[in-house]
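Using the sequences plus the hints, can you model the full thing?
Here are the chains, one letter per residue:
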Amino acid sequence: MKLIFEQGGAGHCLSLLPECDVPVVRPSKVRAEKAPLPQVSETELVRHYRTLSKQVYGVNDGVYPLGSCTMKYNPKINEDMAALPGFTDVHPLQPDHTVQGCLGVLKEAETALCSITGMDRMTMQPAAGAHGEFTGLLLIKAYHRSRGDAARTKIIVPDSAHGTNPASAAMAGFTVVNIPSGPDGCVDVEALRKAVGPDTAGLMLTNPNTVGIFDKNILEITEIVHAAGGQCYYDGANLNAVMGVVRPGDMGFDVIHLNLHKTFSTPHGGGGPGSGPVGCKAHLAQFLPGPVVEAAGDGSLSLVQPEQSIGRVRTFQGNFLVAVRALCYLKTLGREGIPDASKHAVLNANYLMHLMKADYDMAYDVTCMHEFVMDLGHMKHETGVSAMDIAKGLLDLGIHPPTMYFPLIVHEALMVEPTETESKETLEEVAAIFHQLAVTAHTDPEALHNAPSKTPVSRLDEVAAARHPILRWS
Amino acid sequence: MGRYVPITPSEEREMLSAIGVDSLEALYESVPHDMLLKDGDLDLPAGKCELEVRADVTNLAEQNTRFRTVLRGAGAYRHFIPAAVGSVVRREELVTAYTPYQPEISQGILQSIFEYQTMICQLTGMDVSNASVYDGATAAAEATAMCKDRKRVKVYVSACVHPQVLEVVKTYSFGSNTDVIVVPAKDGRTDAEALTGLLGADAACFLLQQPNYFGQVENAEALGAIAHAAGAKFIMSVNPIAAALLPTPAECGADVAVGEGQPLGMPLSFGGPYLGFMAATNAMLRKLPGRIVGQTEDREGRRGYVLTLSAREQHIRREKASSNICSNEALCALTAAVYMAAMGPDGMEQAASLCTSKAHYLASQLQSEAKLPLLYEGEFFHEFVTACKPETAQAILDALEAKGILGGQPVEGGLLWCATELVTKTEMDQAISIVKEVCGQ
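Chains V and D supply the protein sequences, listed in that same order. Residues 0 to 473 in numbering that gives the first Met the number 0 are what the first sequence spells out, letter by letter. Residues 0 to 440 in numbering that gives the first Met the number 0 are what the second sequence spells out, letter by letter.
Bear in mind the hints are in silico, worked out from the structure with no lab data behind them. Hints may contain errors.
[Unchecked claim] Calculated cross-link-like contacts (lysine to any residue; reagent style SDA-like; alpha-carbon spacing at most 20 Å):
#, chain 1, residue 1, chain 2, residue 2
1, D, Lys370, D, Lys388
2, V, Lys106, D, Asp55
3, V, Lys28, D, Asp297
4, D, Lys402, V, Pro94
5, V, Lys106, D, Thr57
6, D, Lys319, V, Val175
7, V, Lys75, D, Leu50
8, V, Lys75, D, Glu13
9, V, Lys215, D, Ala25
10, V, Lys356, D, Arg89
11, D, Lys286, V, Leu396
12, V, Lys53, D, Arg89
13, V, Lys28, D, Ala249
14, V, Lys75, D, Leu15
15, V, Lys28, D, Val216
16, D, Lys424, V, Pro22
17, V, Lys423, D, Tyr3
18, V, Lys423, D, Glu10
19, V, Lys28, D, Asp345
20, D, Lys37, V, Gly117
21, D, Lys37, V, Asp249
22, V, Lys28, D, Glu220
23, V, Lys53, V, Leu396
24, D, Lys319, V, Pro179
25, V, Lys75, D, Met0
26, V, Lys280, V, Gln307
27, D, Lys150, V, Asp187
28, D, Lys319, V, Asp249
29, V, Lys1, D, Asp297
30, V, Lys423, D, Asp21
31, D, Lys169, V, Ser308
32, D, Lys153, V, Gly172
33, V, Lys423, D, Glu13
34, D, Lys424, V, Val23
[Unchecked claim] If you want the footprint, here are the derived chain V segments under chain D, 3+ residues with CB under 8 Å:
#, stretch
35, 171-185
36, 326-340
37, 415-424
C-beta atoms are modelled at their ideal positions from N, C-alpha and C, and glycine is treated no differently.
Here is the structure:
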């Protein structure tokens with residue numbers, strides 16, 4: 000595909016702006032030359048991006064069982080509502096009385112998400128999951144400091160955690176203590192007991208965990224941390240298994256983040272914008288990034304600074320339009336639909352796991368939650384076909400591959416999360432395609448080493464890309 | 000209730016039976032029984048159909064005031080958005096894709112980011128750009144983190160940066176246990192003498208905003224030279240529209256250029272989604288946070304694009320990563336790229352020129368007609384502060400609001416006004432006559 004810089008040329012442009020209707024003023028110092036941006040006509044521009052968009056695979060193109068990413072359907076009504084000029088054409092610094100609708104969106108979303116998670120307060124400021132993690136950890140830091148407990152400098156993270164967990168803990172100034180998982184993929188309770196102490200600031204945990212299992216010892220785990228004086232952080236990446244079924248607040252967690260772009264049906268946009276609201280129990284609410292939305296006696300809403308706020312983590316009120324989309328989803332599903340969605344996410348995962356068991360080894364062969372992890376170690380040993388090869392084979396067959404090589408505790412991992420918005424028929428088609436690949440792995444492994452062959456490009460040389468970085472056109 | 004689950008009750012029974020359990024609830028056997036929510040525990044309204052949701056949410060949107068004329072910026076700017084921008088970024092395959100982890104089926108997104116990175120470099124004059132961060136403030140905070148090393152640990156920030164940007168830098172620094180020193184202002188600009196006096200051997204960087212929060216054009220090159228003389232890195236946070244006209248961060252000697260990308264085709268949207276752009280010199284490349292797209296070849300030698308330099312990132316480096324960022328603002332980066340391509344070199348410059356010209360007209364008329372003096376005498380770009388007492392400021396804002404005009408942002412000492420290419424002379428004249436009346440002229 001041509002780059003946009005390789006099209007058009009001098010004189011190609013769109014007719015967009017009027018002549019100046021006031022005297023023209025120039026800055027005293029200007030740049031040496033105009034920004035050498037592309038020069039294209041509107042036809043060239045639109046065709047270029049149309050061409051690019053044909054080489055993209057989204058949820059609306061087909062099934063997307065990307066583990067840990069919850070690629071569920073993104074409802075159209077959400078997009079319509081987020082495009083209302085009453086939301087898009089509002090300045091973030093308008094006076095409170097002129098933005099009651101926006102504050103209403105934030106308040107309603109906060110209230111509903113607190114009900115679902117068992118938290119007392121929530122901020123919509125964080126723009127993504129990792130941003131939420133960082134925010135939540137700062138709440139924990141501020142809490143310990145406010146109690147004169149500055150010696151709590153360590154955050155415990157299981158080795159099965161998302162990479163963002165330890166990275167966020169480091170950014171929040173903590174030392175990371177990694178603890179190994181038990182043979183069942185869950186927290187090794189004895190290892191945790193040994194790890195906690197007077198320097199423990201907290202524990203970060205995903206439950207269900209990254210191998211798709213609900214940790215049955217969860218209450219014991221959070222009690223161990225609390226008894227040692229630490230706080231418990233819930234990574235909401237996997238909330239889609241349990242929303243409306245069981246609440247992080249009831250599991251003993253003090254602070255959580257959610258991913259509205261996973262669990263609450265807002266689109267991923269090819270890598271964002273997301274939204275990572277942070278919820279907390281009452282004892283942490285005074286530290287939330289300010290301002291938060293408060294209701295007065297007469298029902299009017301205003302932005303108020305929490306007493307001992309850690310300060311903003313982003314300008315204004317975060318990715319507001321993402322909150323609008325999530326609110327539409329919450330209103331649509333309501334009290335019956337929220338648990339119904341999670342239960343069907345778990346049903347779909349278990350059904351697909353059941354269909355795939357004949358061909359693939361499961362890393363943990365138990366009832367899973369919303370996702371499951373396959374271990375292709377045996378297949379690789381037998382046929383030479385790796386998790387990567389199977390993933391690339393799927394590309395030729397029109398399916399987005401599962402998450403590869405995560406969690407790190409399973410070496411040839413493929414992590415599958417079908418979500419509740421796929422039909423029984425689609426799941427059966429997915430299983431059939433995986434079956435076809437398992438057969439090919441035994442009959443023609445070379446074909447899979449060379450996959451994909453039907454995509455616009457074949458496997459790309461990532462080593463060369465990193466060794467000799469070309470990061471811009473010139 | 001509304002529902003997006005396409006499984007019928009009979010299919011559900013078949014599926015449960017295949018799995019070997021008798022109910023959906025039985026799938027949750029690993030959850031401690033008394034922890035499970037009972038009917039009625041979940042305090043949410045009943046679900047609604049699409050028609051009801053539309054009515055409900057439209058009603059919320061209608062409770063907001065849409066101003067006909069916006070004379071306020073202060074970090075969020077109402078600009079003209081070409082129709083082509085919306086038509087591209089609403090394409091559902093782009094909207095509903097994940098981060099491009101599978102490059103063979105994601106070349107469209109990867110190439111669009113590669114092009115975005117290039118355009119950010121063209122706009123700022125810098126060598127390399129990342130694929131975006133959350134907003135301008137987090138970009139500034141991440142930039143300060145890039146500049147620290149074992150010896151150089153302190154972050155210096157101009158008092159004239161956006162107050163919310165300063166606040167975010169401080170919050171991030173609370174995390175990393177970093178000292179933030181605010182370099183005072185003098186006459187609405189960074190005090191160069193104070194900066195020279197403050198910077199020590201442990202200074203990691205100096206963060207400047209151009210134009211600054213008060214709209215003033217800083218002497219960026221000179222301030223950058225002061226930072227460099229002290230061995231500190233120079234970070235410039237720039238308005239991307241102004242950047243089309245003012246000397247580039249590269250020309251001013253910046254090591255890192257960041258900014259709020261919202262003016263590049265994103266509507267105001269009560270604060271987001273917005274876009275943090277980050278660009279740097281080649282020397283700083285491996286300290287850049289976030290995703291970066293690079294060019295490479297496939298097995299047949301065809302040009303293609305991949306996410307690259309991931310050895311910096313959290314999924315590889317975990318607690319040793321340059322940042323925790325994972326999801327960024329990809330669709331906003333695409334928006335900015337389409338916007339910049341639509342505008343082109345001339346359109347970008349024209350937008351910048353219209354903004355500064357209109358702001359100067361507004362400022363001169365507020366002075367001459369309404370007798371509102373400017374608080375600062377220095378050169379400004381498309382924002383400026385008029386001096387007045389808080390009660391006068393409120394009276395002005397109220398009178399403007401009654402006529403559908405959003406007046407300047409209240410700041411210490413007066414009102415911070417902004418004009419963009421969207422505001423016509425007629426609209427400004429109307430606003431000026433209202434202000435004139437309030438001020439009794």
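Hints, verified against the model:
With a CA separation close to 13 Å, the supplied pair Lys370 of chain D and Lys388 of chain D stays within the 20 Å bound. For the hint pairing Lys106 of chain V with Asp55 of chain D, the CA-to-CA distance comes to about 14 Å; that is within 20 Å, so the pair holds. Distance check on the hinted pair: Lys28 of chain V and Asp297 of chain D sit about 45 Å apart at the alpha-carbon level, beyond 20 Å; violated. At most 20 Å may separate the alpha-carbon atoms for a hinted pair to count; Lys402 of chain D and Pro94 of chain V meet this at roughly 15 Å.
Under the criterion of a C-alpha separation no larger than 20 Å, the hint pairing Lys106 of chain V with Thr57 of chain D is consistent with the structure, at around 16 Å. Restraint check for Lys319 of chain D and Val175 of chain V: satisfied, since their Cα atoms lie roughly 10 Å apart, inside the 20 Å limit. With a CA separation close to 12 Å, the supplied pair Lys75 of chain V and Leu50 of chain D stays within the 20 Å bound. This hinted pair does not check out: Lys75 of chain V and Glu13 of chain D have alpha carbons roughly 30 Å apart, beyond 20 Å.
The hinted pair formed by Lys215 of chain V and Ala25 of chain D meets the criterion: a straight-line CA distance of about 15 Å does not exceed 20 Å. Of the supplied pair hints, the one linking Lys356 of chain V and Arg89 of chain D is violated, its CA atoms being roughly 39 Å apart against a limit of 20 Å. The hinted pair formed by Lys286 of chain D and Leu396 of chain V fails the criterion: a straight-line CA distance of about 38 Å is larger than 20 Å. For the given pair, Lys53 of chain V sits about 14 Å from Arg89 of chain D by alpha-carbon distance, which is consistent with the 20 Å threshold.
Distance hint between Lys28 of chain V and Ala249 of chain D is fulfilled; the C-alpha atoms sit about 14 Å from each other, no more than 20 Å. Simply put, Lys75 of chain V and Leu15 of chain D have alpha-carbon atoms about 30 Å apart, too far for the 20 Å limit, and the pair is violated. About 10 Å separates the Cα atoms of Lys28 of chain V and Val216 of chain D, which keeps this hinted pair within 20 Å; it holds. Distance hint between Lys424 of chain D and Pro22 of chain V is fulfilled; the C-alpha atoms sit about 10 Å from each other, no more than 20 Å.
Proximity of Lys423 of chain V to Tyr3 of chain D is assessed by CA-CA distance (about 13 Å); at most 20 Å being required, the pair is judged to hold. About 7 Å separates the Cα atoms of Lys423 of chain V and Glu10 of chain D, which keeps this hinted pair within 20 Å; it holds. Our distance criterion of 20 Å between C-alpha atoms is met by Lys28 of chain V and Asp345 of chain D, whose separation comes to about 18 Å. A C-alpha spacing of about 14 Å is found between Lys37 of chain D and Gly117 of chain V, which places the hinted pair at or below 20 Å, so the restraint holds.
Of the supplied pair hints, the one linking Lys37 of chain D and Asp249 of chain V holds, its CA atoms being roughly 13 Å apart against a limit of 20 Å. Among the hinted pairs, Lys28 of chain V with Glu220 of chain D is consistent with the structure: their alpha-carbon atoms are about 11 Å apart, no more than 20 Å. About 17 Å separates the Cα atoms of Lys53 of chain V and Leu396 of chain V, which keeps this hinted pair within 20 Å; it holds. For the given pair, Lys319 of chain D sits about 18 Å from Pro179 of chain V by alpha-carbon distance, which is consistent with the 20 Å threshold.
Restraint check: the Cα-Cα separation between Lys75 of chain V and Met0 of chain D comes to about 17 Å, which is no more than 20 Å; the hinted pair holds. At most 20 Å may separate the alpha-carbon atoms for a hinted pair to count; Lys280 of chain V and Gln307 of chain V meet this at roughly 15 Å. A threshold of 20 Å between alpha carbons decides the hint, and for Lys150 of chain D with Asp187 of chain V the separation of about 39 Å lies outside it, so the pair is violated. Of the supplied pair hints, the one linking Lys319 of chain D and Asp249 of chain V is violated, its CA atoms being roughly 33 Å apart against a limit of 20 Å.
For the given pair, Lys1 of chain V sits about 16 Å from Asp297 of chain D by alpha-carbon distance, which is consistent with the 20 Å threshold. Distance check on the hinted pair: Lys423 of chain V and Asp21 of chain D sit about 17 Å apart at the alpha-carbon level, within 20 Å; holds. Simply put, Lys169 of chain D and Ser308 of chain V have alpha-carbon atoms about 12 Å apart, close enough for the 20 Å limit, and the pair holds. A hinted pair counts as satisfied when its Cα atoms are at most 20 Å apart, and Lys153 of chain D with Gly172 of chain V qualifies at roughly 15 Å.
Straight-line distance between C-alpha atoms of Lys423 of chain V and Glu13 of chain D comes to about 10 Å, which keeps the hinted pair within the 20 Å bound. Between Lys424 of chain D and Val23 of chain V, the direct Cα distance comes to roughly 12 Å. Compliance with the 20 Å bound is thereby established for this hinted pair. Given as covered by chain D, the stretch 171-185 of chain V passes the check, having 3 residues with a CB less than 8 Å from a CB of that chain where 3 are the minimum. Against chain D, the stretch 326-340 of chain V contributes 14 residues with a C-beta closer than 8 Å to a partner C-beta. That satisfies the three-residue criterion, and the hint holds.
Coverage of the stretch 415-424 of chain V by chain D holds [criterion: at least 3 residues with CB-CB distance below 8 Å; count 5].
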